[in-house]
Every structure is written in C-alpha cells, then in structure tokens.
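Fit chain B to the supplied structure of chain A, relying on the hints for placement.
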Amino acid sequence: MSDLALPAATRAPSASPALLLLRRLVRRRLVLISLFILLVMVVAAVGAPWLAPYSPRKMDIAHRLAAPSAAHWFGTDEFGRDVLTRCMYGARLSLTVGLLVVAVSLTLGTVLGVVSGYVRQLDGLLMRVTDALMAFPDILLAIALMAALGASLTDVVIALSTVYTPRVARVARGAVLVLRELQFIEAAEALGASSRRVIVVHLLPNLLSPLLVQGTFVFAFSILTEAALSFLGAGVPPTSATWGNMIATAQEYMQNADWLILAPGLCIVLTVLSLQAVGDGLRDALDPRLRRLT
Amino acid sequence: MTRYLLRRLAGMIVVMFLVATIVFVIAHVIPGDPAAVMLGPAATAADVEALRERLGLDAPLPVQYVQFMDSVVHLRLGESIFLSRSVTQALAERAPLTIQLTVLAAGLATLIGVPIGVLSAVKRGGALDQGLTAAAMAGASLPSFWIGLTLIEYLSVRLHLLPVAGYGPPDASPLERLTYLIMPAIALGIPSSALIMRFTRTSMLDVLQEDYVRTARAKGLRPSTVIFKHAFRNARTSVLTVIGLTVAGLLGGAIVTETVFALPGVGNLVVSAVLRRDYPVIQGALLVISGVYVLINLGIDILYAVLDPRVRY
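Those protein sequences? They're chains A and B, same order as listed.
Each position in the first sequence, counted from 1, maps to that position plus 1405 in my numbering.
Each position in the second sequence, counted from 1, maps to that position plus 5 in my numbering.
Simulated from the structure, these hints should not be mistaken for laboratory data.
Here the structure is a predicted model, which means the values were calculated and not measured.
Any given hint could turn out to be false.
To be verified - Label-pair ranges, simulated between beta-carbon atoms: (1) 1591/A to 230/B: 43 to 51 Å; (2) 1527/A to 76/B: 24 to 32 Å; (3) 133/B to 1473/A: 57 to 65 Å; (4) 1582/A to 72/B: 35 to 43 Å; (5) 30/B to 1455/A: 29 to 37 Å; (6) 1530/A to 227/B: 47 to 55 Å; (7) 1589/A to 100/B: 48 to 56 Å; (8) 1598/A to 309/B: 55 to 63 Å; (9) 133/B to 1582/A: 36 to 44 Å; (10) 1557/A to 11/B: 44 to 52 Å; (11) 1427/A to 227/B: 54 to 62 Å.
Ideal Cβ placement from N, Cα and C applies to all residues, glycine included.
Extracted from the complex, chain A is given alone in its bound form (with noise of 0.2 Å):
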C-alpha cells in the first residue's frame, strides 16, 4: 500500500492546494460519507461525559445482558453497564491511542526517512534496521514489545508507534530520493542554499502529502493492532473500556448477548473503514495520474 502512496510526492502542489485538495476530496461521496463518520467518532469521543448517555462504571445489575431498546440502544452488559456509554469511552481510548502513534510514528519516520535519503552514509545501516524491524509480522513485535514494557496506555503507543515508524521512514525515504532527483531541488543546491534550507523549505513541503496519506493509514492500521492487542490480554488492562477489551470480555456473554461484540466490532469497522476511504481518497486527489485513471 506504501508503494502507491508515491507517485504523489513527485509533483508539487499546485495554487491554494488546501482548498483545491477539499474540493475534490469532497467530491467523492464515499469519502464524505467518511469524514462524517470520523467527525461522529470525535465529537462522541470528546464529548463523551456530556453526550453519553449513563456513567460508564454505572452498574444496574436488575438489567444486566438487556437487549437493545430505546433506554439502551446498544443493551447492556454483564454488569448492566450501557454498551452505548461504553463504546463512547472507548473511543476516547482507541482514537487517543491511533493519534498519538501517528504523531510519533510520522515524526520519528520522517526525521529517519529524510536523513537515509539525504545521508549517503547512513542509508544502508538504517534501511537494514528498517528492514529488520519489519521482517517481524505486526502484531508479533507489537505483542513481544507490550512483554517487554508493560501495561499501559504509553507502552501501547510505544509499542504500536516502533512497529510502524519503519513503514513511515520507508515511504519518506522513497519520496526523497525521487525529489533529490528533480530540478527545483538541483536548482536550490546550484545556488548555495545550505542542505538545512533544502531540507526544510524544499523536501518536507513536498512529503507533507505522502506523509499524510500514510498517517491515514497508520492511524487505521493502530486501531486495529491496539484492538487485537486488547483482544489477546496483551493491551491496555481489561478494566479500560477500550473497544479491543469490550470485545474480549464479551466473547463470555456472547451466546445471550451477541450486540456485546457487534456494537464495539461495528465502532472499529466504522472507524477503521472511513480512514482507510480518506486515505483512498487523499491519495488520488494529491495524484494527477489517478485522477485521470478513475
């Protein structure tokens, strides 16, 4: 999926890109369905304390496993706790989570990325490490990485942010050293402009789209890593309602109550398939070539 991220980095934005790259993402109506959907997500997350409807550690065990209805739409739990509630702080969660390690992971891979493909000398060393630290399928040095450091919400971001900054500095790399190639970049060495200038007013400019269609995906990919984590007991502990966790916990009850792990599975589905849409999207509205394919 990296791969096709590419292209786009080769042309420079044309005027008010901003407005030009709105346009046409709202264009397509997959990927406005999307942005509503991640707006949903946000503004539940955010607004959680206010809009949820009950408290998310509220037990009424008078209506434990309780089916959907209207003063429950998603039922309850074992504990008589609103799945509804519950799916909203778990939002908070999963999305803080999925934030955090696009933060991380975009910044150190772009630091890694822009000094392999300026640095002759260092390219190979860190690419080899790149390439060791992704010969390691996902979720294995996700889950050896939690062993290693513990429990919390910081150690999953850690954890999740090593496994995919390598993917990051893979793609920043590759649009490097196709810009180093180009001529307004030759054009600023020619005149004497310090590799530091280069670097910040002419390479990172262009990586800003690149960069931001694999921070989508680096964002979709961690939530459902920081699910399956959560899932094996390998995530944030069971007492957080993380949608991984809710989950797990509901595979018990599942036979009675099977809205425990539809209305969390549908949160993730949800999430998860509108970044992947925007991501889509921002790729072919940030690339020329495709937008003339499709």
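Using the frame of chain A, we list chain B on its own:
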C-alpha cells in the same frame, strides 16, 4: 542472476543479524527475572542466584549478547520454562498446523481476491467496480478476531454447521481436522483477500492502459482474450508479489486467529509464552517467524526476477 542472488543472500544475513539483535534487546528489557519465573514463588533467593549463574544471566550484557548470538548461529534456541521441552521441539510440533492454516487462508484470499480484482479493473468506474472496491475496503477494515468470533457465534453456536473451536479429538482424521480449519481460514483470509483484490485491480488498471492492449483490442481480439492472455499475464508478476507478502502477513494474523479458535499452533504458543513470560519461547518464536518472513520475501524477489524477463539486475 547469480551475483544478484549472492547479494540478496548477504543482505538477508545482515537483516537476520539485526533481527537477532532486536530480539536480544526485547528479551533483556522484559521486566522480571527469568530465573525467578522459572523457579516459581516458593524459591529461595539462593536458589534463584544459583540458577541465574547456571543460565549465564549474571554475566555482563555484552557477554550475554555474544553467547546469545553464538547459540542463534548454531540454531540452539534453548529450553522452554513451562513446557518441559526444547523451544525447537515445541515450535516443530506446532508448525504444521500454522502452515496448513496459512496456506488455506492464502489460497482462499487468492481465489476471492484475484478474480474480483480483475473484474473490478475491467469494469472500472462503473457501479460494480465501486461496490466491489467499497466491499474490499470494508473487508480490510474488519479485525480478523472479530470475524472469527462472529463466525463462531452464527455458524457454530446457532446453526451447528461447523465445530466451534479446537482441533478435534486426538484420533481425528485429516479430513475431520480440515473442518476445524474452515472458519479460521475464512477469518484469517478475508482481510487479505481485500488487499489482494485492491492490488490486482491497480496492476490490471496499469496494464490495461498500455499501448499493446489497445493494439490487441484494435485488431479485433475478443475482450476475454485481451484481458486474460494479454493483460493479466503482465499484471501477474505484481499480483504474485502481493500474494507472497500476504502469506508473510498471515503469519502474524495467525497469532490472533489461533487464539480465537483455540488452535494449538505457533501463534497460540507465542501468546501463551508472552502471557506467562516464557522467555526462551518468546525469543525462539520471534527468531523463527521473522526468519521465515525474510525467506518468503527473498523467495518472492527471486520468483519476480524469474517470471518477469524485464527485471534486470
């Protein structure tokens, strides 16, 4: 070609060396004392100390690193703390199941992904294409453990079509065993089939743009001939690459799927090792799985060079 192979092999050795180093680092920041874990809570401090010494855990880190690398090079993976057998033996016992599951899932993903990808590319821009592309995106967004749980709930518990979980009684026939692998293969294969579909679609779109395809059409060949004999042949190489990558990715997915379905494979071994802090097993599994991953990738690259005469090294 020989020179290319040699260079790739050398690169692979470097990567494996770094992989082993990463495994060593991870294993040595794991909190807790392996010796204390091995002896259990009833052990005295002196016992723990004696065992630490016997295991070489009291040596300085660089010395431990050299010893670790030495045993890796000689493929000695040590003894499991909890399973009373060597790590190599534990992995070997569980590998066949994981290999079967991975192959089944990869086969399924290919059978679904490639035809749909071709169809979608041929009908590009139409309602069918948009629908299939959206479906593929949805497929790639489903957590495999969630697919697994949902399948168990509806196909096994409610409809009694397939066994819930596990791998059957010890005397089960191979065919019976296969029924235990159907749902896991679906759960594992669906997200990958979406990936293969999207990749097939993109490569087919690229190829369909080429002049020679237009020529083939212009000379009046039947559309099916153009698509399968002319276009798909050239898309094949990149599709093969993504299938190879999928197989490698499925190794990771198997960890989760085997846990959902309580299948005694390598993935299950890894998860229980992590939860019990069975250090030698964690180390060994990390090394072996990443080794297989690297080998598969090497295999794909070589296959690529063989299949596509345009690739020159």
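Verification of the hints:
1. 1591/A to 230/B: 43 to 51 Å: 47 Å, holds
2. 1527/A to 76/B: 24 to 32 Å: 31 Å, holds
3. 133/B to 1473/A: 57 to 65 Å: Cβ of residue 133/B to Cβ of residue 1473/A: about 34 Å, so the range 57 to 65 Å is violated.
4. 1582/A to 72/B: 35 to 43 Å: 40 Å, holds
5. 30/B to 1455/A: 29 to 37 Å: Given range 29 to 37 Å: violated, Cβ gap about 45 Å.
6. 1530/A to 227/B: 47 to 55 Å: 54 Å, holds
7. 1589/A to 100/B: 48 to 56 Å: Holds, at about 53 Å.
8. 1598/A to 309/B: 55 to 63 Å: Since residue 1598/A and residue 309/B have Cβ atoms about 39 Å apart, the given range 55 to 63 Å is violated.
9. 133/B to 1582/A: 36 to 44 Å: 38 Å, holds
10. 1557/A to 11/B: 44 to 52 Å: Given a distance of about 46 Å, which is inside 44 to 52 Å, the answer is holds.
11. 1427/A to 227/B: 54 to 62 Å: Given a distance of about 44 Å, which is not inside 54 to 62 Å, the answer is violated.
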